[in-house]
Each structure stands twice: as structure tokens, then as C-alpha cells.
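The task is simple: from the sequences and hints, build the whole structure.
Going letter by letter, the sequence shown gives residues 1 to 278 in UniProt numbering.
For the record, the hints were derived by calculation from the structure and aren't laboratory data. C-beta: ideal position from N, C-alpha, C; glycine also. Mixed in with the good hints, there may be bad ones.
As a list, the in silico SDA-like pairs of lysine to any residue whose alpha-carbon atoms are at most 25 Å apart [to be verified]:
{"no.": "1", "residue 1": "161", "residue 2": "260"}
{"no.": "2", "residue 1": "233", "residue 2": "13"}
{"no.": "3", "residue 1": "233", "residue 2": "273"}
{"no.": "4", "residue 1": "50", "residue 2": "13"}
Quick list of the computed label-pair ranges, beta carbon to beta carbon [claimed, not checked]:
{"no.": "5", "residue 1": "9", "residue 2": "53", "range": "43 to 53 Å"}
{"no.": "6", "residue 1": "17", "residue 2": "53", "range": "16 to 26 Å"}
{"no.": "7", "residue 1": "105", "residue 2": "202", "range": "31 to 41 Å"}
{"no.": "8", "residue 1": "40", "residue 2": "91", "range": "16 to 26 Å"}
{"no.": "9", "residue 1": "234", "residue 2": "172", "range": "37 to 47 Å"}
{"no.": "10", "residue 1": "9", "residue 2": "230", "range": "12 to 22 Å"}
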Amino acid sequence: MKNFWSIGHNKTISLHPSSVLMGILNVTPDSFSDGGEHNSLQEAVSFGQKMMDDGASIIDIGGESTRPGFDTVTIKEEQNRVLPVVEKLAGKEGAFLSIDTYHAETAQIALKAGAHIINDIWGLQREPEMAEIIASERAGVVIMHNSRDRDVLTDIIEDQKFFFDKSLELAKKSGIADDAIVLDPGFGFGLNFHDNLVLLNRASELHMFGFPLLAATSRKRFLGTLTGQQDAKMRDIATTATSVLLRQAGFSIFRVHNVIMNKDALAVVDGVEGVACN
Numbered sequence: 001m002k003n004f005w006s007i008g009h010n011k012t013i014s015l016h017p018s019s020v021l022m023g024i025l026n027v028t029p030d031s032f033s034d035g036g037e038h039n040s041l042q043e044a045v046s047f048g049q050k051m052m053d054d055g056a057s058i059i060d061i062g063g064e065s066t067r068p069g070f071d072t073v074t075i076k077e078e079q080n081r082v083l084p085v086v087e088k089l090a091g092k093e094g095a096f097l098s099i100d101t102y103h104a105e106t107a108q109i110a111l112k113a114g115a116h117i118i119n120d121i122w123g124l125q126r127e128p129e130m131a132e133i134i135a136s137e138r139a140g141v142v143i144m145h146n147s148r149d150r151d152v153l154t155d156i157i158e159d160q161k162f163f164f165d166k167s168l169e170l171a172k173k174s175g176i177a178d179d180a181i182v183l184d185p186g187f188g189f190g191l192n193f194h195d196n197l198v199l200l201n202r203a204s205e206l207h208m209f210g211f212p213l214l215a216a217t218s219r220k221r222f223l224g225t226l227t228g229q230q231d232a233k234m235r236d237i238a239t240t241a242t243s244v245l246l247r248q249a250g251f252s253i254f255r256v257h258n259v260i261m262n263k264d265a266l267a268v269v270d271g272v273e274g275v276a277c278n
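Below is the structure:
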């Protein structure tokens with residue numbers, strides 16, 4: 001497995017020796033944790049800059065909520081929300097931008113506007129053009145596993161394999177380079193409480209695919225169930241616990257709301273692993 005991630009605009013992100021933080025920037029009124037907090041362009045850009053200052057290497061910008069039961073928006077509305085933010089942040093030094101979208105049209109426009117990565121919650125399987133656009137723009141891609149369309153899950157890892165095999169075949173046929181691909185097991189997407197815990201426990205098995213792994217557990221509902229914290233913003237400590245566990249399981253990238261808290265926790269893990277390797 002490579003220690004770097006090739007992304008758009010001829011950039012690369014080092015995945016070793018330190019963990020990589022991806023800060024979440026939702027420009028939506030209804031996201032489960034921070035909906036409505038960054039609706040104005042100035043608020044969104046300021047928060048994106050703050051996360052970069054706090055240690056995020058990547059800012060993941062989303063214009064449509066993906067929480068359970070979310071309301072879909074038109075593609076035009078999604079673009080109206082995310083593109084001004086991309087254009088503003090793209091001009092800032094050291095900013096690597098990801099777009100959380102499964103719409104090929106939004107992906108293409110955002111990449112041309114300065115984004116580097118597409119984070120697709122349907123793993124290239126929702127819109128056929130998505131993989132071709134990512135390949136043609138030579139962008140990075142997060143291929144996320146999604147169980148929402150599955151009625152029954154038998155074995156968690158087998159289901160991951162079934163899904164990712166299909167997504168990776170689409171990527172290969174479209175010409176997406178292997179070093180542009182990161183996999184996300186999709187905590188919380190179509191998984192019940194027990195499923196999430198099993199996935200957390202068996203996460204190291206996902207190295208079978210040979211691609212870098214991204215953890216996106218931040219403030220998810222199963223953490224609220226574990227801790228009794230119904231307010232999503234009170235789940236940051238639980239999130240850092242999962243980040244530590246998944247870093248020890250070999251994950252490289254961590255998509256989080258609270259950058260500082262996760263950065264500090266992961267710095268400890270990285271430091272200990274660095275000593276162990278010497």
C-alpha cells in the first residue's frame with residue numbers, strides 16, 4: 001500500500017508517518033451535527049480556515065445532508081451551496097479540498113473550480129458518469145461503502161468486500177489510478193448499532209483491499225447510544241476513542257468535526273508507533 005494519496009491538480013498528500021485529518025464543513029441547514037451553522041459564505045470560509053489552522057490537511061465540503069432520513073436537494077441547490085466555498089478556499093495556501101457529493105455534475109464543476117477530491121457516499125455506484133469524471137480530472141476519490149440499499153447483512157466484512165469489489169471494478173474500467181483511491185467502510189450508513197461495533201472491531205481486515213483507509217465515525221449515532229450522549233456535539237470524546245482504535249488498526253485519514261481533539265489524540269498514537277518502529 002502506498003504512503004501517499006494522489007489527488008487533483010497534480011497534488012499529493014503524504015499518509016505516513018502522521019495521521020491525516022479531514023475537517024468536516026457542512027453548508028447545509030439540516031446536517032445532524034452542525035446543520036445551519038455555516039450557511040453564509042463568510043461563516044463557511046472562516047470555519048474552513050479555522051480547521052486548517054487547527055491541523056486539518058483536507059476540508060470536506062458538503063451541500064446535502066446525508067443523515068438518516070435526510071431531505072434531498074436539487075443539484076443546482078447543492079452547487080449553489082458548495083461552489084462559492086470551493087472558490088474562496090481554493091485560493092488559500094495549503095488547502096486541499098474534498099467535495100462530499102454523489103452527483104457527477106457537481107463533482108465535475110467543483111473539481112474545475114479547485115477541489116482535489118470527491119467523497120462519494122455511494123462508492124461510484126449511484127451515477128455512472130462519476131468514475132469517468134474523476135478519472136478525466138485525475139482527482140482523488142473516497143469510495144465509501146453504503147449498506148442503505150441492502151435489506152439483510154450477513155457478514156459485515158463480506159458485505160464490504162461485495163460492495164468494494166464492484167466499486168473498484170468501476171474505478172478500474174474508468175481509468176482511475178490506484179494511488180488516487182481511498183476506501184471508507186461507511187460507519188453509520190445502513191448499519192445498526194451492533195453492526196457498527198462489529199465493523200469497528202474487525203476494521204483491520206479491510207486492509208485486504210490494499211488501499212488506504214478513511215475513518216468517518218465523527219459524532220455518529222452509535223456513539224451516542226454507547227455513551228448516552230444524545231447531543232451530537234457531545235460525542236467528540238467518543239469520536240477520538242474510535243480514531244485511536246482505527247489508527248491502531250492501520251487507518252490513515254480521519255474525517256472529523258473537532259480537528260484539535262482528534263489531532264492531539266492521534267499524535268499520541270503516531271508518537272508511540274514511531275518509537276516502536278525505531
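Is it true that the C-beta distance of residue 9 to residue 53 lies inside 43 to 53 Å, as the hint says?
Because 22 Å falls outside the window, the suggested range is violated.
Are the Cα positions of residue 233 and residue 273 separated by 25 Å at most?
Violated - the C-alpha atoms of residue 273 and residue 233 are around 30 Å apart, more than 25 Å.
Holds or violated: are the alpha carbons of residue 161 and residue 260 at most 25 Å from each other?
violated, 33 Å
Has the hinted range 16 to 26 Å been met by the Cβ atoms of residue 40 and residue 91?
holds, 18 Å
When you check the alpha-carbon spacing of residue 50 and residue 13, does it fall within 25 Å?
holds, 20 Å
Starting from the hint 16 to 26 Å, judge whether the C-beta atoms of residue 17 and residue 53 obey it.
At roughly 22 Å between Cβ atoms, residue 53 and residue 17 fall inside 16 to 26 Å, so the hint holds.
Can the suggested window of 37 to 47 Å be confirmed for the beta-carbon pair residue 234 and residue 172?
Given about 42 Å between the Cβ atoms, the range holds.
Please check whether residue 105 and residue 202 have a Cβ separation lying inside 31 to 41 Å.
holds, 36 Å
Per the hint of 12 to 22 Å, is the separation of the Cβ atoms of residue 9 and residue 230 within bounds?
About 41 Å separates the Cβ atoms of residue 9 and residue 230, which means 12 to 22 Å is violated.
Hinted pair, alpha-carbon criterion (25 Å max): residue 233, residue 13. Please report holds or violated.
violated, 29 Å
In summary, the structure is inconsistent with hints 1, 2, 3, 5, 10 from the numbered list given earlier, while agreeing with the others.
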